[in-house]
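Starting from the known structure of chain A, arrange chain B on it as the hints suggest.
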Amino acid sequence: MLSPRQALGVVWFQALRSRTTDGSFVNIFLIPYTWYRHLAMGFWCAAWGLMIWAVVLTVFVKLSMGWHPSMDGSILICALAGGIAFASVAGEAVLRRRSVFASSWRLLLATSLTVGLAFAGYWFWTEVFNRLAYSDQAALDAVEPSLVSLRYRIGVFGLAGLASGLGPLMLRKFRGWFNHLVGGTTAGLAGGIAWHLLNYQGLGSDLFYAGAGLGLVWGFVHGLLCWGLPDELYAGWLRVMSWNRHSRRIPIDAMDGAPSERFVGHFTRGLDLFLPAEDQVLEMHLSVAVDEEQRYSARGLSLQPTRVRRFLERINLSYDARRPTPLQTKLSSGDRIELGDGGTELEFIMLPKEEQ
Amino acid sequence: MKVWLLGVAMAIGCGGDLTHIPNSTTRVARPEVVDGTELELRIFTDERECRAKVQPEDLHLCMPYVDRANGEVRLGFQLRLDGDAFPLPLSSEHIKVGHLGRELQGSGVNKVEIVPHDPMQAPQLFVLLIDGSSSMSQKRRMEKVRKALLMPEVVESFFPHDVKTGVVVFQFTNGTPVPLGGRLQVLENRRQFKEKIRNMRPLQGYTHLYDAITYATGEFLEQQAIQDLLTQFEMTPTVVALTDGFNNMAAGDTCGTNAQRLSTLLKHLETVRSPETGIDPRRRPSVYTVGLGRPLRSRFSMPRDAGVGVTPRQLCGKRFLNRRIDGDLENRGIDNASLEWIARVGGGASYVRQDRKGLGKAFKSAAAARYHWFEARYRVPSFYLRRSFRTTLRLVSFATGEASVEIHPSAWLDAPPGERVQGGWSRQRPFRAILLVLLPILGLLLTMSTAGAAAYHAKRAMFMRVRRPKGPPQV
Chain A
1 MLSPRQALGV VWFQALRSRT TDGSFVNIFL IPYTWYRHLA MGFWCAAWGL
51 MIWAVVLTVF VKLSMGWHPS MDGSILICAL AGGIAFASVA GEAVLRRRSV
101 FASSWRLLLA TSLTVGLAFA GYWFWTEVFN RLAYSDQAAL DAVEPSLVSL
151 RYRIGVFGLA GLASGLGPLM LRKFRGWFNH LVGGTTAGLA GGIAWHLLNY
201 QGLGSDLFYA GAGLGLVWGF VHGLLCWGLP DELYAGWLRV MSWNRHSRRI
251 PIDAMDGAPS ERFVGHFTRG LDLFLPAEDQ VLEMHLSVAV DEEQRYSARG
301 LSLQPTRVRR FLERINLSYD ARRPTPLQTK LSSGDRIELG DGGTELEFIM
351 LPKEEQ
Chain B
1 MKVWLLGVAM AIGCGGDLTH IPNSTTRVAR PEVVDGTELE LRIFTDEREC
51 RAKVQPEDLH LCMPYVDRAN GEVRLGFQLR LDGDAFPLPL SSEHIKVGHL
101 GRELQGSGVN KVEIVPHDPM QAPQLFVLLI DGSSSMSQKR RMEKVRKALL
151 MPEVVESFFP HDVKTGVVVF QFTNGTPVPL GGRLQVLENR RQFKEKIRNM
201 RPLQGYTHLY DAITYATGEF LEQQAIQDLL TQFEMTPTVV ALTDGFNNMA
251 AGDTCGTNAQ RLSTLLKHLE TVRSPETGID PRRRPSVYTV GLGRPLRSRF
301 SMPRDAGVGV TPRQLCGKRF LNRRIDGDLE NRGIDNASLE WIARVGGGAS
351 YVRQDRKGLG KAFKSAAAAR YHWFEARYRV PSFYLRRSFR TTLRLVSFAT
401 GEASVEIHPS AWLDAPPGER VQGGWSRQRP FRAILLVLLP ILGLLLTMST
451 AGAAAYHAKR AMFMRVRRPK GPPQV
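Protein chains in written order, with my numbering: chain A, 1 to 356; chain B, 1 to 475.
Extracted from the complex, chain A is given alone in its bound form:
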């Protein structure tokens, strides 16, 4: 497994590294193929959101704020939107072991686009929409740069969230556009609501924790909704669990991603996984196939017992001579396959594609 040093690697440095072998903070080896993997990008982007907040706050506090107060919001919002968009794209690059330097111009373009859109959205909402939508005292409040308010800023959060989805979407060639647009907007709004709740009168009126909450929640929801870990980062494996030839394993997927089928039996030549006949495994006992959409299935090829076991479910795949085709069932990571009555057992498991 990973050493602590690997786990605590410097995020920025590793995000820019080309092919590495020792892992990073966003590390596919740390993300098993379980439902939990959907949270991984959430944690990653949340960490970035939090750090962006810390950087912006440090700039505000330590540097002389020579700009006009009305710029405070646009600086914070643009930095968060840009930082979170960058985190999403850089995180993907790290998971795919891409050289970020090689495609840095795309990364830069996506981040710049996000920042530009967030900036335009901020000024549109505060200077155009608010002026048109409100009148009298509300109009004065709406354009008051020092007023702490969600009412007059809600659109700023939504538009900035949308921008943070649009930048990575462009880089991903508009794949998953719905997730990016809706997820990005939702993330911005969720961040705004977190910011509001943490600074709201009666809940502390504290814009310190509110700022941290903004970055954290925005980043987390963005990572959760906009870009989940695709299955193509994983490959299916068959692994022997029984005593004889324990831990032998073979990958199901072809290197080029084309559909493929692997055979298990005691035939000594040409099969993908050999298991001894004395364990009641027949010459061609079982095959596991993967189609072009990376769906896995097991097929029983012998009259001997062949069973797939999973939680509260047991499927018999023994060959039925009356049927023209063998019985088959879909496989999920963690399924066990029993071959014969000799205690031979296989496990189907999804592992990171780079697992050797």
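No lab work stands behind these hints: they were computed from the structure. Glycine included, C-beta positions come from ideal geometry on N, C-alpha and C. Any given hint could be a false lead.
[Unchecked claim] Sample of chain B residues with no beta-carbon within 12 Å of chain A, all distances over it, derived:
| id | residue |
| --- | --- |
| 1 | L18 |
| 2 | T37 |
| 3 | G205 |
| 4 | A251 |
| 5 | G278 |
| 6 | R370 |
| 7 | S410 |
| 8 | A451 |
[To be verified] In silico DSSO-like links for lysine-lysine, alpha-carbon gap of 27 Å or less:
| id | chain 1 | residue 1 | chain 2 | residue 2 |
| --- | --- | --- | --- | --- |
| 9 | B | K194 | B | K164 |
| 10 | B | K459 | A | K62 |
| 11 | B | K164 | B | K459 |
| 12 | B | K459 | A | K330 |
| 13 | B | K164 | B | K364 |
| 14 | B | K459 | A | K353 |
| 15 | B | K96 | B | K459 |
| 16 | B | K139 | B | K357 |
| 17 | B | K164 | B | K53 |
For chain B alone, coordinates are given in the frame of chain A:
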């Protein structure tokens, strides 16, 4: 489009006249000093000015500070006359603090405090007015006063080592107060003072307190010899009046009859302290009052709109309005309402004490050091700090002075909130406190990132998916 871009460019490059407060996300505008006041009330907003005016260890207290989480605002200020610092013994009664155009009362959820800094002894002429009426001979009251005045710290306050001061002691009963010992003498050193005080004895008669204060702040100070003394040594007159009861001029006096007399005294005090007299603020008297005994109206508080016109009901309340002083009220307590009123208009403070130590502290406070600069701290519900606000400081005693400053906290972010310390006020945390938020959350996220893998492998280990079976199955 061009106009819009121009506006954006101006916003980026132009913070106007606002000054950023270091270690915060707050900006302040240039303070506005109200014209036509005698003293310039200078609110500190510039770090360089703070460095020049205050001790290095107090630098962080000098700059404005807004703690929105705790609803607190702090401003450092100094009073100046002709460009030089004008030290004063200010407390919260002497400065009115306004927030968003409303004067804060310092009660309920609001709290106001004036914290003095950099004490210094100023040349002063202390005029002690000691009650010599018959009642002072009862319950060893005069002895308590004598012992209190002879306490080393009180003597030290009246005669500090490094500055020239003088003390004149009067006793009052009927009519004009008489100098202690029968001859007017400005006591210039501790030995003379102790000698005089040791010989102080009660006299006989009524208690013409108001007349005594009127004399000490008027006719007495106008004497040429006293004027010369004040001018020669640049002394400021400070009147300290002590009584054990009420202003009582005749046997039939009631509490209510004092209202008109008190109004007359207050008008006189207002006049002698008014800028319109043209008297140098340094020569204007301040009046401190000390009551020996327990207060008759312990729950008395000055009316909000208190001026110099006092009604009998305001002074005595409903209960004591028509009660006689002689033989009745004077036995119940002392007229703390009058004393407070006099001190308020007289620019001093009022103390009511029952024992020697308490009296000693009161005298010491009356002869307190003056301070170079002050902090005005106030607390309001944090709701009122959620947009730019104007804070106004107005001097209501000693002289006139007023200034205000517009404060602009950021609408988006705050520095770490202050931590509550002794005294109930919060202290600014260093910015590194951000790590207390940043590191635990980042650590949690890191842990959560690896928790999935940890749980997954633990589960596999528990369900025997990792270990090799111990042998072939027995069929």
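Consistency of the hints with the structure:
At roughly 7 Å, the least C-beta separation between B:L18 and chain A is not larger than 12 Å, which violates its mark as non-interface. Every CB of chain A lies more than 12 Å from the CB of B:T37, the least distance being 29 Å, so the non-interface label holds. The non-interface label for B:G205 is consistent with chain A: the shortest C-beta to C-beta separation is roughly 61 Å, beyond 12 Å. The beta carbon of B:A251 is kept farther than 12 Å from every beta carbon of chain A, the shortest such distance being approximately 60 Å.
Non-interface call for B:G278 relative to chain A: holds, since the shortest CB-CB distance, roughly 43 Å, exceeds 12 Å. Consistency note on B:R370: stated as away from chain A, and its beta-carbon is indeed over 12 Å from all of that chain's, at 35 Å minimum. Distance check for B:S410 against chain A: the nearest CB is about 5 Å away, which does not clear 12 Å, and the non-interface claim fails. Its beta-carbon lying about 8 Å from the closest one in chain A, B:A451 breaks the requirement of being farther than 12 Å from that chain.
About 17 Å separates the Cα atoms of B:K194 and B:K164, which keeps this hinted pair within 27 Å; it holds. For the suggested pair B:K459 and A:K62, the alpha carbons sit about 48 Å apart, so the restraint of at most 27 Å is broken. In summary, the hint linking B:K164 to B:K459 is not supported, as the alpha carbons are separated by about 86 Å, beyond the 27 Å threshold. About 23 Å separates the Cα atoms of B:K459 and A:K330, which keeps this hinted pair within 27 Å; it holds.
Among the hinted pairs, B:K164 with B:K364 is consistent with the structure: their alpha-carbon atoms are about 17 Å apart, no more than 27 Å. Pair hint B:K459 plus A:K353 holds up; C-alpha atoms about 22 Å apart against a cutoff of 27 Å. At most 27 Å may separate the alpha-carbon atoms for a hinted pair to count; B:K96 and B:K459 exceed this at roughly 68 Å. Restraint check for B:K139 and B:K357: satisfied, since their Cα atoms lie roughly 16 Å apart, inside the 27 Å limit.
Between B:K164 and B:K53, the direct Cα distance comes to roughly 24 Å. Compliance with the 27 Å bound is thereby established for this hinted pair.
Hints 1, 7, 8, 10, 11 and 15 from the list above are not met by this structure, while the remaining hints are.
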